[in-house]
Amino acid sequence: MQHINVKIFAQQPIMIDIGQAIPIFHRWIQDRATDELLVDVADYRHVPEGPGVMLIGHQANYSMDNAGGRLGLLYNRKLSDNGSIQERLRQAYDSALAACKRLEDEPEFRHKLKFHPGDCEVIFNDRLLAPNDEQTYQTLKPELELFFGSLWGHGAFDLGKKGEPRERLRVRAALRSVSLPAV
Amino acid sequence: MKASNQLWKARLEDRLSAGLGAEIDVFEHELALRRQGKIDERVFAETRLRRGVYGQRYDNGQRHDGRAAQVLAYPERKPTKGPHTLWDAPGMQRIKIPFGGLDAAQLETVADLSEEYSDGIAHVTTRQDFQLHYVHIDDTPALMRRLAAAGITTREACGNSIRNVTACPLAGVCRDQTFDVTAYAKMTAYYLLGHPECQDFGRKFKIAFSGCKTNPCALVRMHDLGAIAATREVDGEVRRGFEIYVGGGLGTVPYQAQLFTDFLPVEELLPLCIAIARVYSRLGEKKNRNTARIKFLVNRLGLEEFRRLVFEERAALSDDPKWAEALGGLAEYDEGPSRPAGLLEIGPAQSEEFRAWRARNVYQQRQAGYATVTIALPLGDITAAQLRVVADVARQYTRETIRTTVEQNLVLRWLSEADLPAVYSAFQSAGLAEPLAGTIVDIAACPGTDTCKLGIASSRGLAAELRTRLLERGMERDEAIGGLRIKISGCFNSCGQHHVADIGFYGVSRNKNGYTVPHFQVLLGGQWDENAGAYGLAIGAVPSKRIPEALERITGRYVAERRGNERFQEFIKRIGKAECKRMIEDFAAVPPHDQDASFYTDWSDAREFTVGDIGVGECAGEVVSPVDFQLAACEREAFEAQLQLEAGQVQEAAQTAYQSMMHGAQALLRLRLGAPPEDAERVAAEFRTHFYDTQLFFDPFAQGKFAQYYFMAHERNGAAVDEDAARRRIEEAQLFLEAAHSCYGRIMTAQRTF
Chain A
6 MQHINVKIFA
16 QQPIMIDIGQ
26 AIPIFHRWIQ
36 DRATDELLVD
46 VADYRHVPEG
56 PGVMLIGHQA
66 NYSMDNAGGR
76 LGLLYNRKLS
86 DNGSIQERLR
96 QAYDSALAAC
106 KRLEDEPEFR
116 HKLKFHPGDC
126 EVIFNDRLLA
136 PNDEQTYQTL
146 KPELELFFGS
156 LWGHGAFDLG
166 KKGEPRERLR
176 VRAALRSVSL
186 PAV
Chain B
25 MKASNQLWKA
35 RLEDRLSAGL
45 GAEIDVFEHE
55 LALRRQGKID
65 ERVFAETRLR
75 RGVYGQRYDN
85 GQRHDGRAAQ
95 VLAYPERKPT
105 KGPHTLWDAP
115 GMQRIKIPFG
125 GLDAAQLETV
135 ADLSEEYSDG
145 IAHVTTRQDF
155 QLHYVHIDDT
165 PALMRRLAAA
175 GITTREACGN
185 SIRNVTACPL
195 AGVCRDQTFD
205 VTAYAKMTAY
215 YLLGHPECQD
225 FGRKFKIAFS
235 GCKTNPCALV
245 RMHDLGAIAA
255 TREVDGEVRR
265 GFEIYVGGGL
275 GTVPYQAQLF
285 TDFLPVEELL
295 PLCIAIARVY
305 SRLGEKKNRN
315 TARIKFLVNR
325 LGLEEFRRLV
335 FEERAALSDD
345 PKWAEALGGL
355 AEYDEGPSRP
365 AGLLEIGPAQ
375 SEEFRAWRAR
385 NVYQQRQAGY
395 ATVTIALPLG
405 DITAAQLRVV
415 ADVARQYTRE
425 TIRTTVEQNL
435 VLRWLSEADL
445 PAVYSAFQSA
455 GLAEPLAGTI
465 VDIAACPGTD
475 TCKLGIASSR
485 GLAAELRTRL
495 LERGMERDEA
505 IGGLRIKISG
515 CFNSCGQHHV
525 ADIGFYGVSR
535 NKNGYTVPHF
545 QVLLGGQWDE
555 NAGAYGLAIG
565 AVPSKRIPEA
575 LERITGRYVA
585 ERRGNERFQE
595 FIKRIGKAEC
605 KRMIEDFAAV
615 PPHDQDASFY
625 TDWSDAREFT
635 VGDIGVGECA
645 GEVVSPVDFQ
655 LAACEREAFE
665 AQLQLEAGQV
675 QEAAQTAYQS
685 MMHGAQALLR
695 LRLGAPPEDA
705 ERVAAEFRTH
715 FYDTQLFFDP
725 FAQGKFAQYY
735 FMAHERNGAA
745 VDEDAARRRI
755 EEAQLFLEAA
765 HSCYGRIMTA
775 QRTF
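From first to last, the protein sequence lines are chains A and B.
Going by our numbering, the first residue of the first sequence is number 6, and it counts up by one from there.
Going by our numbering, the first residue of the second sequence is number 25, and it counts up by one from there.
Calculated directly from the structure, the hints in this document are not laboratory data.
Possibly wrong hints are sitting among the right ones.
[Stated by the list, open to error] Listed below are several chain A residues computed to face chain B (Cβ distance under 8 angstroms; list not exhaustive):
1. Gln35
2. Arg75
3. Leu84
4. Asp131
Nothing here was measured: the structure is a model prediction, and the numbers come from that model.
We put the beta carbon where it would ideally sit given N, CA and C, even for glycine.
Next comes chain B alone, as it looks inside the complex (with noise of 0.2 angstroms):
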């Protein structure tokens, strides 16, 4: 698309590593075979994934305007990109941040490219890394090699490899740390990129480091691998190594990672990663992507013989030398401030916008005189112009020492305190000084329906509306609930982490008064803390146009009814999941499409959200159907085991779960059968007859993982299960009823479009 793309190889030859070089010139050839229909479009998706080229929304060529589906009539007939995705259609390119960790020209970079490539915004991930959005593939080479000149890789940034190693952005400077993990994520990023080892995964792998237990910084316990700072004494002498965990994600249904050794020296560190890798690459579900992270391989073989398998492949590999190569060059590794140590006096001659600043956004870093600044950008998003000016502050008050955060936020380190008032007063001009990071306002949110090929709803669109809502009301300031989380997904997949907020959303859709309308899962009592210790589970469905009422009074009852300093996973676990389940009951009604139209757009979107045309006439906003009646009574069955398990019946709650996944089946059944069978053998094989087999059931991208749920917990009940395993029978069934939802929402509207 740019007029200089074939420029750029010739201007930036010298300025790239030969490997770095190399490998985009091979992407680039790539991209010339597909277009001349040499090499298979399910590989090329592949490959450029391995790039970090991402598919966007829309990029079928078919996109609903609001009245029907729409062709997008791209001007040239072209190959396709992957399967299903036009050539020309934009797309999305994220570059991976090892560790969170850039300096300025690295900022500036990903400046310029966001405006000659993208829309003018960079977009930083929960996981550290940056997101460009609406780019087209034929620029992709020569962003690569702009990136490249300035020391990034897309490598690896997407498709089933390692992705970003993430890392604690204080880690170096955090008053809890035991010690400083930087170096190690790095070492780690790097020796496994691209390794031969870790090309054969069924799915993605994900990688997280912490420098201590108790803070949430890097969230070790939602991640394939993760390892925590711990150190040991041998000999008289403190060894350093890691607390490792394995078989954490959060995904559709989250897992929790399994402590895997108390302590792994970090000499074991890269030896560990490759014997994971090779069981993994082994015994990993290739075939089904929907159980091949290696959260189910932990889970299906167990921890111990996992563990034992690990341990056997650690004995038999050969000494790499790159293994001492890599320990030896931790030692370069050096981050430090540029001026020196500062004290800043508190005083009245400093603006009360200062002092909330000062008390919101700035720690106070583990060498004194120091501090970290949070720059809270509004859902991760940044200008160009803003970049330059954080780059500007980096170059002139420290050694350019900025990070990403997981919680889609920049950290500036090694700010002197006596520099305080002049970064504030430069980042203030540049609209990046809200005194808001870490409050119920900074919110978390993926790109959902706005730019994501799996959205239900607008995640973004909900994370403004709340946004604005909560700053308008000083929410951030409230002592009680100012430090609450709030993270939001646009679907159940996870990429927002709903799962470990004190308040989570995921989107889903629900069939009311005949329109298909957009709803928010909520979810309560989610940990954060100590790396996301534990998850929240859901409550409940409501219109996405009711959750800030649902939220205000969330937050008021917590408020109201609070004791003393009780927190809020406290107070939520304190009232029980029945009376928060009441607590926002009453906001699922959906007023008539007639009284109240905006129920039935989304945030930030003006279209309907409907599928298909739908006539005023066949509105009958107050007709019921035996089916919606029946979806509804499985869903208070599916609650209901969330209960028990509260209760400590953990049996009886995988047997509710399972109960209310083959009543959702004999829901759907009636729509074929008109009686649906009672017998649960007979249920689940006309079920698979009629909606698997079928593919009716399909999610169009999960296609029929939602019904292997229920056809897993029908050979499985009866049988004995541990409170994890009830835990996510009850997540599935969560999952199947919306599926059940979407395919009954599907039905109806075919029926009344032919």
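Chain A extracted, bound-state conformation (with noise of 0.2 angstroms):
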């Protein structure tokens, strides 16, 4: 399974302006805030329910993704990569959450973004390799049971697919101690 993505979904109130990420992503890429290569930023405000602001980046993009009308930092892995399905699953999720920190701690952003890291969604971006259906979500549930069960504590999260079957597979993770807005 390679593609992984990781919304991490933003906590509310959200007192931002996501147009401030623009400055936040373009230092981002001259400090080399990451060990990947970041290439540029796209801006996609005026898209509603969209990507919002992204970085671009050869192995990966982060954006601040608004799909769902829910805000959350989304890492898009496009690389494959080696290892197993835990590895990759902790590569992705890791890298979402260290962006997320870090947008926590920008000036323009400190004390008035927080995400949930008990919150989030893993999307499968490969239709082929993970078509959205009940198979593949029962194939995958276990893999995603004992990463987030390593994470948060065996059975103290919910899993759940998402989506329709034209969608990529979505699965939302979340800590039962989430209150959960309808998606």
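Both chains come to you apart, so use the hints to assemble them.
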């Protein structure tokens, strides 16, 4: 399983203008803020429930994503990786979480933006390798349970397949303590 | 890049036509050969372009990050995918949509591809294509196979080929049409696709079809070949044909297409295309890309001679059985409704929002009880989720009659009027029901500096900013200006079609206070109607960050001073270009960097616009060099030429335009010679020596094109010109002066850097 995306949701209340992510992402490019090659910034704020502001990279894209009407930091892994599914889940989740923390610490967003590490979606961005059907979900579920169990504690979270068959396979993972808005 | 790339071929094998599948196999093979270094990079570049695989900004591996130019260190060393184009750098995939026609499954395929290979956004272009950005070249064969399985080819979407054949998106449902041109556009697109006679062009070739003469939907007069539906009575029988135009085009210097024939029987359409292709292949420029479009050939030969050569070729053509086959296939084209016609009574029960949407986004078809709905896409962008909503609505309420438009929107045709409330509701919940179609807020913009290698300023950034501000003020509802068209290009190449807008902008730069500052040239008075019937002329450059104020003043003045129902174009003509220029003159000032640094960045981009590091001490805000002064004087001169042309002084206008170029050359020579020569011959010779032969004046992409404008004008100076030639010389002078500004900026930056 490749091209794992992780979106970590922002907590309410959200008191930022996501346009401020533009200078932040440019600074990340200037400062080489990650180990990945960062290339450019794309502004899609004009698109309703779209990718918002996106940091384009070679290995992955990062975006202040507003899909589904919920703001979050989306890590979109583009390159294929070696290693087990657990390792790829770990890589994507850790990269997303690191970006969340970095954003929270940026001067423009400090005390105004908080992400919830226990409230996320995992998207498998390859319809051929991971078709959005029950069989694929059931195949991947034990891997997801294992991964989030090691992260948050077994039995402490809920998993749920989201979206309709035309969409990419998307799984919501959230700690039971998170009050879940309707998606 | 995608782990599944190799699997798609087997998965889709039985869904691809043999021809399409083989073409993609060949392309994949070429990729492999290029990776092994067995194909020359230039040959490979043209090969991929002909598959719609385009380069994108920074693909040379260099990017200025706002502090300094940085190398984008892609991890693996691989061959290039063209000159100065790194293999791993993301690129753009253009997807050709003939006449803009799509069904629901095709829309869903584009949605899937945008998510898996791009950034989740599909972009509708000003020529009815889709574009996906940030695509890795290794993904393109799989992407093409998935498109091919849905019946879409990317073949000849770019490169020196017949580009997407466009057509009025209302063709067939339009109340003003002579007849439905859809089937003819489709027939032409597929007949010419990959045709052997169309493989040896010096440049691209664009074709458009329109069902009528008066409406703008197909912009026939700005195309290499344009066809407008016409009928003629022959022996008591009404026969279909086309009014044919040739040699139009925007680009750096726009040309209006000329009338080739006022009636071409439909049976002659395909043979004529081949005859024109033969003449273009044989006589069109091949070495110098800058004069290779067919407009230059028509201009060089003269229309009469061009026509004679085409008819000579036509007479020599052997009958192609595919002509009759294609004409026979026309009857198969059948588009209609899936649901019974209905009527919708507007009443108080309907929301104000619905009524506004119906008033602006709904077009009552010539077929009673049916309507076409426009989905106004902001900047031509749509998400995958939204595409799926459009597909759903198309399936539920129509026979999947979807089209893209040259205004970067989508239309859905053949909706029963009774279904409009339900359709509105579905679109509204997906953010697709903004009541903005055809309004001043429905701004068209090319990709500009966002992704285009040629972009100078941020056309999309400006479009988004203007959109936000106009919406805040409710300008789409304004009776006087709500219907004006704004179009923006990131550079002089006109992909945003700024020439045919009421208010157009194209990106330029200026050297101000020791920094390079993003600007836009302002064009007023272009004509959208009558198939792009007239082009606007530039009235002056304004810093990017002051364009919103300039727009407010221009529109405010129109609102305050228009006489009765005077149209914007008439108003601009009445007050004259000199007054238009005066109106925006005071916006030209740029505050020093230490007072307001925002002027030195572009919209939606936090980076400093300058190239190279500039020390604060060198700002020297108030110091204006003699070169600055002289270039400003040249711009005034070029503008004076416009005024002369407006007053009917054609020869004088051409002469003044030439002089503005000569004076611009003198200004730059000051940098090399101290005191430049006065004699025109010597100016040209010295300029050639110091700026052309050294390539110092060369634009990175246009190369020496703008200097050639000057040399040509110098050679022809004094010869009689007609109005069109004078207008072109003025355009050329403007571009030469823009290039002079850029050249000056580069020299100054280099001096500071070293």
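> Among the hints numbered above, which are violated by the structure, and what are their numbers in rising order?
Replying inline: 2
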